[in-house]
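Student: Those sequence lines, one after another, are chains W and Y.
In short: position in the first sequence from 1, add 5, done, that's this note's numbering.
In short: position in the second sequence from 1, add 2, done, that's this note's numbering.
These aren't lab readings, by the way, just hints derived from the structure by calculation.
Quick caveat, the model's predicted, so the values are computed rather than measured.
A couple of the hints might just be wrong.
Stated by the list, open to error - Not the full set, but computed from the structure, chain Y residues with beta-carbon under 8 Å of chain W: (1) 23; (2) 24; (3) 30; (4) 36; (5) 51; (6) 99; (7) 129; (8) 134.
Here a beta-carbon is modelled for each residue, glycine too, at the ideal position from N, C-alpha and C.
Next come the chains, spelled out residue by residue.
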Amino acid sequence: MTEPREIRPGTVSVVICAWNNWPDLEMTIASALLQSRQPLEVIVVDNSSTDATSGEVMRRFGSRVRYVRQSNLGCAGAYNAGFSMASGEFIQFIAGDDVLAPNKIEKQLEIFQAKPELDIVYGDIRMFQTLSGVANWSDFPTQHEDDMLAALLLPDKRGAGIDVLGTLFHRRALDKIGRWDESLYCEDNDYWLRAACVGCRFGHCPGSPMGFKRMWPGQKIADVPTTARGLEAVWDKALGYVTREPYRTLLAERLAEFRFYMAVSRDGINISEALAKLALARATSPKKISALAYAFGYASIVLPGGTFFVRSRGLRTVRRFLASLCCFRNPDNETKWVTSE
Amino acid sequence: MIAEGEPGLVSVVICAYNNWPDVEMTIASALHQSYRPLEIIVVDNSSTDATPEEVPRRFGTLVRYIRQANRECAGAYNTGFAIARGEFVQFIDGDDVLAPNKIEKQMQIFKASPELDFVYGDVRTFQTMAGMADWTDLETPSGEDMLERLVAPQGIWLDTLGVLSRRDSLKRVGTWDESLYVEDADYWLRAAWAGCRFGHCPSSPMGFKRLRPGQKTKNSPAMERGLDEVWNKAFGYINREPYRSLLAAKIADDKLRRVIFRDQMGRRQALATLAQARATSPATVSARTYAAACIAVVLPGGRSVARLSWLGPIRRTLASLFQFQAASTRRQEDASNSDNAGRRPL
Numbered sequence: 006m007t008e009p010r011e012i013r014p015g016t017v018s019v020v021i022c023a024w025n026n027w028p029d030l031e032m033t034i035a036s037a038l039l040q041s042r043q044p045l046e047v048i049v050v051d052n053s054s055t056d057a058t059s060g061e062v063m064r065r066f067g068s069r070v071r072y073v074r075q076s077n078l079g080c081a082g083a084y085n086a087g088f089s090m091a092s093g094e095f096i097q098f099i100a101g102d103d104v105l106a107p108n109k110i111e112k113q114l115e116i117f118q119a120k121p122e123l124d125i126v127y128g129d130i131r132m133f134q135t136l137s138g139v140a141n142w143s144d145f146p147t148q149h150e151d152d153m154l155a156a157l158l159l160p161d162k163r164g165a166g167i168d169v170l171g172t173l174f175h176r177r178a179l180d181k182i183g184r185w186d187e188s189l190y191c192e193d194n195d196y197w198l199r200a201a202c203v204g205c206r207f208g209h210c211p212g213s214p215m216g217f218k219r220m221w222p223g224q225k226i227a228d229v230p231t232t233a234r235g236l237e238a239v240w241d242k243a244l245g246y247v248t249r250e251p252y253r254t255l256l257a258e259r260l261a262e263f264r265f266y267m268a269v270s271r272d273g274i275n276i277s278e279a280l281a282k283l284a285l286a287r288a289t290s291p292k293k294i295s296a297l298a299y300a301f302g303y304a305s306i307v308l309p310g311g312t313f314f315v316r317s318r319g320l321r322t323v324r325r326f327l328a329s330l331c332c333f334r335n336p337d338n339e340t341k342w343v344t345s346e
Numbered sequence: 003m004i005a006e007g008e009p010g011l012v013s014v015v016i017c018a019y020n021n022w023p024d025v026e027m028t029i030a031s032a033l034h035q036s037y038r039p040l041e042i043i044v045v046d047n048s049s050t051d052a053t054p055e056e057v058p059r060r061f062g063t064l065v066r067y068i069r070q071a072n073r074e075c076a077g078a079y080n081t082g083f084a085i086a087r088g089e090f091v092q093f094i095d096g097d098d099v100l101a102p103n104k105i106e107k108q109m110q111i112f113k114a115s116p117e118l119d120f121v122y123g124d125v126r127t128f129q130t131m132a133g134m135a136d137w138t139d140l141e142t143p144s145g146e147d148m149l150e151r152l153v154a155p156q157g158i159w160l161d162t163l164g165v166l167s168r169r170d171s172l173k174r175v176g177t178w179d180e181s182l183y184v185e186d187a188d189y190w191l192r193a194a195w196a197g198c199r200f201g202h203c204p205s206s207p208m209g210f211k212r213l214r215p216g217q218k219t220k221n222s223p224a225m226e227r228g229l230d231e232v233w234n235k236a237f238g239y240i241n242r243e244p245y246r247s248l249l250a251a252k253i254a255d256d257k258l259r260r261v262i263f264r265d266q267m268g269r270r271q272a273l274a275t276l277a278q279a280r281a282t283s284p285a286t287v288s289a290r291t292y293a294a295a296c297i298a299v300v301l302p303g304g305r306s307v308a309r310l311s312w313l314g315p316i317r318r319t320l321a322s323l324f325q326f327q328a329a330s331t332r333r334q335e336d337a338s339n340s341d342n343a344g345r346r347p348l
């Protein structure tokens, strides 16, 4: 990482990852430039957009933003490039189609001021949709967490509801955690886990939303099989560095359970891949995926109608009963997540 | 009232009623617009929360703060407009959020087409509490005849949050009707009836509208009554065709929908409403539709059967037999599946 020239105390750097987001990007940049709390610098990292971005950003905002264009290295790559240029003491990362609430930075800086020992301050975000129509998603709430690592690993905590858009980093946190992993599809999940693992202190910012996140048709999290593989990769990587108990067991159980659902829900994989995934699930945590659970999973993959059994809403009670036999905790939430349209 | 607006100045009138701390974000979203010059007027409808202390403390002279007896949004808008100095006016509810470039984008359109009275655009919904989203965002596409689109049974809904108004045009339309529950539907209808010209602002949202848990009540009766009042009032002044027939169709359509989808309505009242629907627009509610609806009301459980979603195709066939527009049947189903979020907050 190239060392920035000079760190300016109190300044906030907003790093925007842009990739074919014009004209939404205009609103994103405006939401950053026009924050109620100044001074701040806005860095737009353009992942080689092929739309009007390169011309329009310069034309509309000129010297008010720093604009860099690079080959497409995903959001992670854009965040890395942006941070290496940033001179602020605090860093906000944002995707090029989301919107910061006008008082987001101000509110979170107040919390940093009250508790200077914090590394990361996070808060709620709300989603909105690109196109008109029926909204169907869940917004997750955030709250103060005593143990962030556990909150990130426990399935019913939903990753603590934490999101890049709703978060403000102190620079030292980023130095401690290191670079965003450009090889991962779900780079943010990886980043939170690593942050909690290296002992970053998280503070919660309550009240009105920190920002608004765009949902568009075909968006990352709407692509269930790819996201599932992405999350699996994150947790698999985490097995390499989460060494402390009870977190390691929690992680192994979570990953095993997740692999189990990937196997039985068979989203975009064939039978032999599903069976391999099931075996991997058992190997990850033999305690979680008991022999009985493994057998049920195997049967549902091999037997005709098994997928129907796994996915059908009406059979939820039967599934719950079977799950309780196998000492599964809370299977239906997870199944719903994996198989939701 | 100030006679002439200050050229180029945009007045943002915020209606606040127990919205702290959300109103802080609302005020910030108005203060930190990419457009200048602006003035912010906060009209507090006698909030009992921290609003009267916090707004002056946080924003001081950046906003003009007025406290008045609670006269609902319509009353707050009237008060705010009476002291507004701007050539253009933005009205906003105390818990919604303006997009940072909203005013700038719409002012560009006013500049390009100075003959326009109002510029509108899409707004998007977000929810107060985390959880499942279950609303429908409505589209406000560009179109020729605003009045026709507002009174048509499958018409559009103009959201005040997404509109920027010219001062003179507001004066022409008159004050917001404080006696109505759904004052904005009435206002834009009157504006269109007065012949005002509406311009469309495309692409990213104009703002974000908060959906509170209390709003989620599906097809809330209060909302229905409120809309009923608006349409009935409009029926009194819209006397030109084809608008009058369209409005009649809309009223009849609404009444029919209410009969089928409102269980609270007693049988006698349901039949009376049906008769009104038929009387208002015999073209929309044909004799056969009327008969079928009467049967659904009279037979025990008939209305629940009429509502079953898997009977949709059968209903549609019947509707086409009865020359009751298929689209309005679809709308009935939409209405049963979604709440009023996109249409109107409660």
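Student: Now, for every hint given, state plainly whether the structure supports it.
Tutor: Cross-check of the supplied hints:
no., hint, in the structure
1, 23, "holds (5 Å)"
2, 24, "holds (5 Å)"
3, 30, "holds (4 Å)"
4, 36, "holds (5 Å)"
5, 51, "violated (13 Å)"
6, 99, "holds (7 Å)"
7, 129, "holds (6 Å)"
8, 134, "holds (5 Å)"
Hint compliance for this structure: hint 5 alone is broken.
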